[in-house]
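Fit chain P to the supplied structure of chain L, relying on the hints for placement.
Protein chains: 2
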Amino acid sequence: MTTPKVYLAGPEVFLAEAVAAGLAKKSLCTRYGFRGVFPLDAQLDLHGLSPAEQALRISRANEQLIRDCQFVVANLTPFRGPSADAGTAYEMGVASALGIPVFAYTNSGDDFAVRSVRASANTRMRSDGTREDERGMLIEDFGLADNLMLIGAIEFSGGTLVSRRVPPERQFHDLEAFEDCLRAASISFAAKR
Amino acid sequence: MTTPKVYLAGPEVFLAEAVAAGLAKKSLCTRYGFRGVFPLDAQLDLHGLSPAEQALRISRANEQLIRDCQFVVANLTPFRGPSADAGTAYEMGVASALGIPVFAYTNSGDDFAVRSVRASANTRMRSDGTREDERGMLIEDFGLADNLMLIGAIEFSGGTLVSRRVPPERQFHDLEAFEDCLRAASISFAAKR
Numbered sequence: 003m004t005t006p007k008v009y010l011a012g013p014e015v016f017l018a019e020a021v022a023a024g025l026a027k028k029s030l031c032t033r034y035g036f037r038g039v040f041p042l043d044a045q046l047d048l049h050g051l052s053p054a055e056q057a058l059r060i061s062r063a064n065e066q067l068i069r070d071c072q073f074v075v076a077n078l079t080p081f082r083g084p085s086a087d088a089g090t091a092y093e094m095g096v097a098s099a100l101g102i103p104v105f106a107y108t109n110s111g112d113d114f115a116v117r118s119v120r121a122s123a124n125t126r127m128r129s130d131g132t133r134e135d136e137r138g139m140l141i142e143d144f145g146l147a148d149n150l151m152l153i154g155a156i157e158f159s160g161g162t163l164v165s166r167r168v169p170p171e172r173q174f175h176d177l178e179a180f181e182d183c184l185r186a187a188s189i190s191f192a193a194k195r
Numbered sequence: 003m004t005t006p007k008v009y010l011a012g013p014e015v016f017l018a019e020a021v022a023a024g025l026a027k028k029s030l031c032t033r034y035g036f037r038g039v040f041p042l043d044a045q046l047d048l049h050g051l052s053p054a055e056q057a058l059r060i061s062r063a064n065e066q067l068i069r070d071c072q073f074v075v076a077n078l079t080p081f082r083g084p085s086a087d088a089g090t091a092y093e094m095g096v097a098s099a100l101g102i103p104v105f106a107y108t109n110s111g112d113d114f115a116v117r118s119v120r121a122s123a124n125t126r127m128r129s130d131g132t133r134e135d136e137r138g139m140l141i142e143d144f145g146l147a148d149n150l151m152l153i154g155a156i157e158f159s160g161g162t163l164v165s166r167r168v169p170p171e172r173q174f175h176d177l178e179a180f181e182d183c184l185r186a187a188s189i190s191f192a193a194k195r
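Line by line, the protein sequences are chains L and P.
Taking the numbering used here, the leading residue of the first sequence gets 3, the next gets one more, and so forth.
Taking the numbering used here, the leading residue of the second sequence gets 3, the next gets one more, and so forth.
So here's chain L without its partners, still in its complex pose (with noise of 0.2 Å):
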């Protein structure tokens, strides 16, 4: 039986240790029976290579890994506002219309809701009773972690979501809830055997 592989989506890329950073999930991955697949393994030449180049490159190579793995660890806590990082929430896209169970952690304690009033300027009442931001833009509430797209791909593709409050300068290490990912998968993957 060949060893499930697992795509680890998340803003850790941006980390200046980046690479320590995917190695300490994949160490935990194979913990849990899974190999753990970083989007910085593609070994890409990018030698010659304009910077626009370079990125079509990497966006290619990302997605040919997450098309050969056997589920995603999303890891959707906030970057630079309310909401996952956007190449995070592509990728669970990706996932989910191939088939691809989504599972996902986020660190931030916080519904979306609370996120995206903190983010805006200012905030006032509708007449149907919802919140808008200064720009007149929905603060959208439904007591989820993230946009109901995103909730909705983890739903509906059989993974699980992982809230857990993490201190802000803990948050994009902390692998408590990732790990709970983990197992969560392992126990959904024993299922199918």
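By construction, these hints were calculated from the structure, which means they are not laboratory data.
As the structure is a computational prediction, the values presented were derived from the model and not from experiment.
Glycine included, each C-beta is placed from N, C-alpha and C at the ideal position.
Keep in mind that the hints are not guaranteed to be accurate.
[To be verified] Heads up, incomplete: computed chain P residues facing chain L, CB under 7 Å, no partners named:
1. A18
2. A54
3. P84
4. A86
5. G154
6. E157
Structure of chain P alone, referenced to chain L:
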């Protein structure tokens, strides 16, 4: 010959006048020989459902609408942060994984890197010449309009990206760049016939 359907992804669904914004886009679609499909088109009976159940119902319906379309035009105009709305990013992933061309536009005239710096409390130079924010996270800088996964999807799916600088107060309403996407799509579809 059936009229190609285009899924209209973007944060307009959060406007108080969301339905009118959708109708304005659909009207332009008709002019270019397409049928516009707006996320709010799904007539959903959400009565008696909990907020979380409502969210899942909406998410599922939107995903079905995307699957029924021949292409997507995504509004990447930054939403509460330097990147596109997370739901829009997610939907681009769904479309691109299914082989559905993604056309996109942004009404921000600035590169992703410029906006990321602006969204950071402060930045500093790394020893490799790249920049990171106050949390040690990279300022992605490939001279692109958003995260490389989103831009890659447009390129590889056969779509087109249109960038225009629109004053902030008009960014969620101005449809010139949107219309440029429709024009590009109509040329692309005509070439396939």
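Would you pick out the hints that fail for this structure and give their numbers low to high?
Result: no hint breaks.
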